[in-house]
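A.B. asks: Chain by chain, the residues:
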Amino acid sequence: MAVLEFRNVVKTFGAFTAVDGLSFWAPEGKIFGFLGANGAGKTTSLRMALDILKPTSGEIEILGGPPGREHASEVGFLPEERGLYRGMTSIDVVTYFGRLKGMTKADAKAQGKVLLERFGLGDWLKKPVQKLSKGMAQKVQLAAALVNSPKLLILDEPFSGLDPVNQGALEDTVLEMAKQGSTVVFSTHVMQHAERLSDRLLLLARGKKVFDGSPDEARRLLPGRVMLTAKTEPKGLPGVAAFKALAIRDDWTDWEVTLKPGAQAGDLLQACIERSFALRDFETHRASLHDVFLHLVGEPLETAQAEAAA
Amino acid sequence: MRRVLIVARREFLQIARTRSFWVTLLIMPLMLVVMPLFGKLMEPPETSRFYLVDATGRYEAAIEQRIDLNHQHQILYDLAAYAARWGLKSPRPEAVWDDGERPFGDDEARAFTASGGYAAALKEAGPLPDDAPAFTPPAPDLMRAKVPADVPVDMGAEAFGQAVGRYLIGGTGRPKGVEPAAAAIYVPADFGKPGVAVRIWTSGGNFNLVDAVRRELNNSVRAEAATAAGLDPATALQIQTAAAPLAVSAPPRGEGRSRLRMQSILPLGIAYFLLISVFTSGAWLLQGVLEERSNKLLEAILACVSPGELMYGKLIGIVGVGFSVIIVWGACVLGMAQLMPSGPMEWVAPALASVNSPWLAVALLFYFVTGYLICASIFLTVGAMCESITDAQAYLSPISLGLFLPFFALGSLISNPDALAAKILSWIPVYTPFAMMARMGVGVEPYEVIGTSILLIAFVTAEVWLLGRVFRASLLRTGQPPKLAELFRLMFKPAAS
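Chains A and B are the protein sequences, given in the same order. Residues 1 to 310 in this note's numbering are what the first sequence spells out, letter by letter. Residues 1001 to 1497 in this note's numbering are what the second sequence spells out, letter by letter.
To be clear, the hints were calculated from the coordinates, so they are not data collected in a lab. Glycine is no exception: its CB is placed at the ideal position from the N, C-alpha and C atoms. Incorrect hints may appear among the rest.
As the list claims (entries may be wrong) - Some residues of chain B that are not near chain A, with every Cβ distance over 12 Å (derived):
#	residue
1	1023
2	1053
3	1104
4	1123
5	1136
6	1449
Unchecked claim - These stretches of chain A come out as covered by chain B in the derived footprint (C-beta under 8 Å, 3 or more residues):
#	segment
7	44-53
8	67-76
9	82-91
Using the sequences and the hints, build the whole thing.
C.D. replies: What follows is the structure in C-alpha cells.
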C-alpha cells in the first residue's frame, strides 16, 4: 500500500519549473530515499506532500487522502532548515509540537521526555534551547519530529550539518523507525546515505524523475564489471562485452571486464574454471549509485550540485 | 480551532516570558507611585512673595485687601468642592459654601469671611464622615514681604527697580539667606498725572498679582475721577462696587459638568492605552515572527498548522497580551484609588461609574479589540515579509507615523467631539477605534457607533484576509522583502502556493 503517492505532479514558480511531471509511490513500512542535487526538486516535493506548497497540477495522496494538516497526528517532519524557539526549554518545544500534532499535553510531555532521555538529553529537559549545543539542538528537533510516533516520517536532508557520530545515530533511529513499522521518506544528496538506508529510491534531476525503484534495480541499470587478473586476455569468455588491460605484472595482466547486459559475474567465473582459464584474482564490482546517477543524468551528482549552486 | 488556541497560548507565554513585558506591566504601578512624588517636586512654591512700595500712600491698603479677598475666594472655592465631595451642608440658607463648585462673587467671598471663614463653616456643618480627611485651606498665592534695607524706596521707580532686581527670582547677587521675591511693585508719588505709570518687575507669570494691582488701581482712579467730576464719595463708591446680579449654578460633582469631564477620562485613557500597548505588543509580535523566520522554524510549524491558523493564533495571543496588560493596569489604578480615596485618584471612581451602560462597555471592548487587530495584523505581516528587524524598519517607519496620527488628534477630539475633523477621523477605519473611544466619553450619536462599527468589521475582515494572503505567501520566502507593487500583487492575486 502506498503511504505517499505523486501522480504527474508539476510545480512551477513563475517561469521556473521546480517539479516536472513527477510520479512515484512510497510503500508502507519502507525507507524511501529522494536522491538528487540541490535544486532537483526534493524539498519542493516534500513541501507539497505536507501541504506547505500546493502543486500547480497533478495529484498527491498521503496516508490515503489529499495533503493537509489532518494528517499531522500521523506525520513527523524534520525540515532541512531547522530551528527552535530559543527561549523555550527542550521539553516545552517537544511538547508544543506534540500538541500541534493533536496529542494531549500530558502525553506529549511524557513522550517528549522519553525521547529526549533516549537521545541523552535527560539533564537538559528544562534548559532553554539557547543553552544547548548545536548537536543537542538537532536532537531536540528530531524529538519534536518523532514525538507523535508518526506513521510517516519525512526527513528533508536530515544528515546535513551533523557530525559523523550524530549521522550514525540518526541512521540508527531511521532504521529503528522502519523496523517499528513507520514509513520513512528522506531526501539527500549524499549517495552513501541513500545507499545504506533506502529500500526504495527516487532519483531526481532538474525536477524530473530519472529513476524509481530499489537500489539493486538501480544498479542493474548499469552493466556489471569484473576485475580479473589472468595470463591471457578474456576474449571469447561467455558474457564478456568488453575488456581493457589496466596493468601488467610479470606474466599477469589486470583486466577490467564489462559484462553484457543480464550477464552474471558468477557465470563468468564458472566458465573460467570449466575452461581452465588461468586466474590469479577475480573481483566482482557492484555499480554504485554514483555510477547509476552518472549513467542516468549524464553528469556526476557533484557536477549537478555545483551547477545548481551556481 | 484547537491548533489556533495552542499557537495563541504559546505566543502569549513567549511574550509573558520577556523582560520587556514585565517592564511594561510594571510601568503603570510605578508611574502611579512616582508621578505624584514627581509632581510634588515640580510644583512651584505655593506662596509667592512680593514687594510693594506706594509712594503716594493711597493705594497700598486697597491692593492688600484685594489680594486677601482673592485668597478668601480660593478658600471658599476649595471648601465648596470639599463640602460637595463629603456631603456637608450649612444650616444657614444664605451660606454659599455648600452650593457646590462654582465661581463666587466678591460680595459672597466677603460675606464668607465676615461669617468666620472656613473654620466657622466647618463648625456649623457638624461632624465629618469618618473617612473624610480634614479640610486644609489653600495657602495664599501672594504674600507681601518687607522691602530690603538697601533698596531705596524714596528715590523714584528707576532707582527702586535697579536695586530690587537682585532680590527677585532669577536675580544675581542676592545676599545669602534672603528668600527671593516673585515681583516688585512701585507706585510713584506722582501717580495720577498723565504719563506716570505704576511699575511692576516680575520673574514671569504672577498674573494674579498684576490683575489685583490693576483692578484696585483702576477702581481707585475711577473713584477719584468720579469725585473730581462732582459726585460725592459715597455715590462714587456705590457706582464703583455696583455689580450686575449674576446667579451661577453648577451641578454637583458626578452629575453634570464634572461628570462629563469624568466620563471622558476613561475612554480617552483607553484610547491612549490602546495606542501605546498596540505598539509595544506589535514589537513583540514582530520579533516573534522574525525569530520563527530567522531560526528556520516556520517549515516545521507549517507542517502542523496552516498559515491561517498560525496567523489567527498569533493575533489571539497578542490580543490576550493586550487584555492582560490592561487588566493589570486597571487593577493598579483601582487599587490606588482604594488606598488613596481622596488623593489624585479621586477621579477613578466616577470615571468607572460613568460606564453605567452595558452598551458603552461593549462598544469600548469592541473598539479595543478591533484596534488591536488592525495594528497587530500589520505588524504580523511585516514580520512575515522580513528577514531581520533592519528590513522591518523600512516598513515600520511610515506605518508608525500613520498610526500615530490619532495621538496628536486625541486632545482636540475630546475638546470638540463634534468637529468635522473628529467625525471624518471616526469614519476612517484605521483610526475609528482611537477616535471613537476618545469621543465616546463626551457622547456620540448612536448612528455613528453603529455605522463606524459596521465599517470597522468589514475593514478588519478585509484587512485580515488580504494581509493573511501576504502572510502566507511571505512565510517561506527568502531574500529581499517585497516592494509595494508586489505587495499589492500578493494581496489581490490568487495565492501561487
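A.B. asks: Each hint: holds or not?
C.D. replies: Going through the hints against the structure:
1. 1023: 16 Å, holds
2. 1053: At about 72 Å from chain A, residue 1053 of chain B clears the 12 Å cut-off, so the statement holds.
3. 1104: Correct as stated: the minimum Cβ-Cβ distance to chain A is 63 Å, above 12 Å.
4. 1123: Answer for residue 1123 of chain B: holds, closest chain A Cβ roughly 66 Å.
5. 1136: 52 Å, holds
6. 1449: Given that every Cβ of chain A is farther than 12 Å from that of residue 1449 of chain B, nearest at about 39 Å, it holds.
7. 44-53: That given contact holds, which follows from 5 residues of the segment 44-53 of chain A lying within Cβ reach (below 8 Å) of chain B.
8. 67-76: n = 3 at 8 Å, threshold three: holds.
9. 82-91: Satisfied; 7 residues make the cut.
In summary, the structure agrees with every hint in the numbered list given earlier.
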